[in-house]
Amino acid sequence: MSPMALAWQQFRLERKLFWRNPSAAFFSFVLPLALLLLVASVYGGDDDQLEILIPGIAGLSVMATTFNAMAFNLTFLREQGILKRLRGTPMPTTSYLAGFLGSAVVNAYAQVLVVVAIGHLLYDVSWPRDWIALIVFTGAGVLAFGALGIALSHAIPNFDSAAAYVNAIFLPVMFISGVFYSAESLPPALEAAAEALPLKHVVDGLSGAIVTGAGLGEHLGGLAVVALWAGAGAVLAVRGFRWESRGA
Amino acid sequence: MAPPAIEVSDLRKSYGSVEAVRGISFAVERGEVFGLLGPNGAGKTTTVEILEGYRDRSAGEARVLGQDPARGERALKQRVGIVLQSSGFYPRLTVQEAVAHVAKAYPAPRDPADTISQVGLQESADVRSNKLSGGQKRRLDLALALVGDPELVFLDEPTTGFDPAARRTAWSVVRTLRDLGKTVLLTTHYLDEAQALADRVAIVKDGHIVAEGPPGALSPSSAGYRVSYESQGRRVEHQTANPTDLLHRLTGDALARGERLDALEVARPTLEEVYLELTAEDDR
Chain A
290 MSPMALAWQQ FRLERKLFWR NPSAAFFSFV LPLALLLLVA SVYGGDDDQL EILIPGIAGL
350 SVMATTFNAM AFNLTFLREQ GILKRLRGTP MPTTSYLAGF LGSAVVNAYA QVLVVVAIGH
410 LLYDVSWPRD WIALIVFTGA GVLAFGALGI ALSHAIPNFD SAAAYVNAIF LPVMFISGVF
470 YSAESLPPAL EAAAEALPLK HVVDGLSGAI VTGAGLGEHL GGLAVVALWA GAGAVLAVRG
530 FRWESRGA
Chain B
357 MAPPAIEVSD LRKSYGSVEA VRGISFAVER GEVFGLLGPN GAGKTTTVEI LEGYRDRSAG
417 EARVLGQDPA RGERALKQRV GIVLQSSGFY PRLTVQEAVA HVAKAYPAPR DPADTISQVG
477 LQESADVRSN KLSGGQKRRL DLALALVGDP ELVFLDEPTT GFDPAARRTA WSVVRTLRDL
537 GKTVLLTTHY LDEAQALADR VAIVKDGHIV AEGPPGALSP SSAGYRVSYE SQGRRVEHQT
597 ANPTDLLHRL TGDALARGER LDALEVARPT LEEVYLELTA EDDR
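If you read the protein sequences in the order shown, they are chains A and B. Per the numbering used here: the first sequence = residues 290 to 537. Per the numbering used here: the second sequence = residues 357 to 640.
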């Protein structure tokens with residue numbers, strides 16, 4: 290089989306595995322949706338709040354389906370010796386990674402679409418005004434969070450501690466990045482931190498795409514921050530890449 | 357004659373200041389089952405993982421099917437099957453799905469269902485691998501290594517943790533591989549396994565090869581043949597590296613004395629004796 294066909298085979302395998310792992314599917318799919326429904330019920334019919342919440346949860350979903358999923362999955366695959374085993378086969382590394390990452394990309398886009406659809410159908414938030422911007426910011430978020438998730442997996446010593454490492458980053462970033470409320474209401478120090486990190490910019494970009502229709506031009510600065518994180522994450526992901534767990 | 361399947365000369369591997377492999381040389385001919393036998397920590401797995409392409413060597417030469425394994429070329433991986441020391445594949449895939457998936461990576465794979473039957477997993481083909489017993493997981497490892505129809509198979513302690521039945525299955529698979537003309541490099545710390553399967557054995561200790569040869573002909577450098585007989589109701593025993601000379605002298609003396617050497621025995625050292633002697637210091 291050609292490397293391309295093998296990538297497709299790996300992609301199909303990853304989809305199958307995703308649906309066979311209920312807890313992983315729960316964390317990346319159900320948790321953001323549960324947060325959406327829960328927080329929306331608190332805000333009631335407040336349109337302004339909902340227009341913050343929908344893009345916020347969409348951005349959170351991008352992070353959960355890539356950053357968290359990469360860090361968990363790679364730690365597991367390494368600890369189980371699955372990466373090592375695959376490396377002993379003629380499966381090209383690029384085919385493997387394309388299939389593996391492709392599956393995460395599908396999860397991210399699917400999840401953003403589900404959030405947007407719920408926003409429209411349940412909470413009367415408009416359909417995205419700028420689909421291109423939605424695709425671009427989701428894609429930029431996928432690249433940055435995917436790469437950073439892979440990079441983080443290098444630092445996680447074993448699967449048992451993966452949740453601690455991931456949540457130590459995921460939860461604070463979630464709370465300061467304007468997912469549930471406008472980041473402008475944060476203390477200045479936290480707001481500065483959020484400005485430096487990618488999630489807030491992904492959320493802002495998605496907000497532009499879904500709510501204001503401001504388009505890409507208004508969010509080039511934010512896109513640049515996300516791109517910088519993607520670049521840094523990619524360097525760390527590649528340089529630190531290990532096929533086996535440490536001490537194995 | 358075809359070049360050897362594996363050729364290693366003065367192979368060395370250091371981890372920091374620890375030298376795990378300290379100048380190992382051997383060659384495995386095509387179609388041969390070669391065993392690396394030694395206690396844990398002797399450097400067997402490091403050696404094999406260098407040949408499998410998982411580790412870079414610190415010094416020395418290594419050729420696997422004529423190629424440098426450190427380059428990790430797909431063309432070489434297509435001709436090699438690997439059973440790692442540790443088991444494990446996607447826990448939520450069934451045996452059938454796992455074998456079929458790996459088969460796709462090879463240019464001319466064997467039939468997955470046949471491969472599964474060959475390792476004795478046909479009853480469990482639809483069982484997810486996290487529901488398999490330890491021995492069954494190891495059989496799956498074996499199936500995953502064989503499904504690509506490799507010319508050369510690396511088996512790193514393939515039967516550790518097996519029950520006797522699973523062990524016999526694995527042994528019969530190795531013998532089948534030999535009958536098919538495949539080359540096998542096997543590591544084990546079970547003597548009987550090396551004796552039963554390997555055409556030639558190298559005993560590895562502290563990163564060196566301390567003895568090498570067919571399992572029946574291995575002799576340690578110091579001790580050798582044991583010659584014993586009964587004389588005047590006592591058992592007399594001699595150790596020698598040169599039994600011909602010793603027997604000539606003993607029988608000559610006995611004839612001169614007009615004595616029979618009752619219950620005369622000449623015993624070659626068993627592989628177990630050789631192994632225990634050669635690796636004795638590891639018990640310290």
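No wet-lab data here; the hints were simulated from the structure. Possibly wrong hints are sitting among the right ones.
Coverage of chain B stretches by chain A, computed from C-beta distances (three or more under 8 Å per stretch; other residues unrestricted) [claimed, not checked]:
no., region
1, 425–434
2, 455–461
3, 542–549
No experiment lies behind these values; they were computed from the predicted model shown. By construction, the Cβ of each residue, glycine as well, lies at the ideal position given by its N, Cα and C atoms.
Hints versus structure:
| no. | hint | verdict |
| --- | --- | --- |
| 1 | 425–434 | holds (count 3) |
| 2 | 455–461 | holds (count 4) |
| 3 | 542–549 | violated (count 0) |
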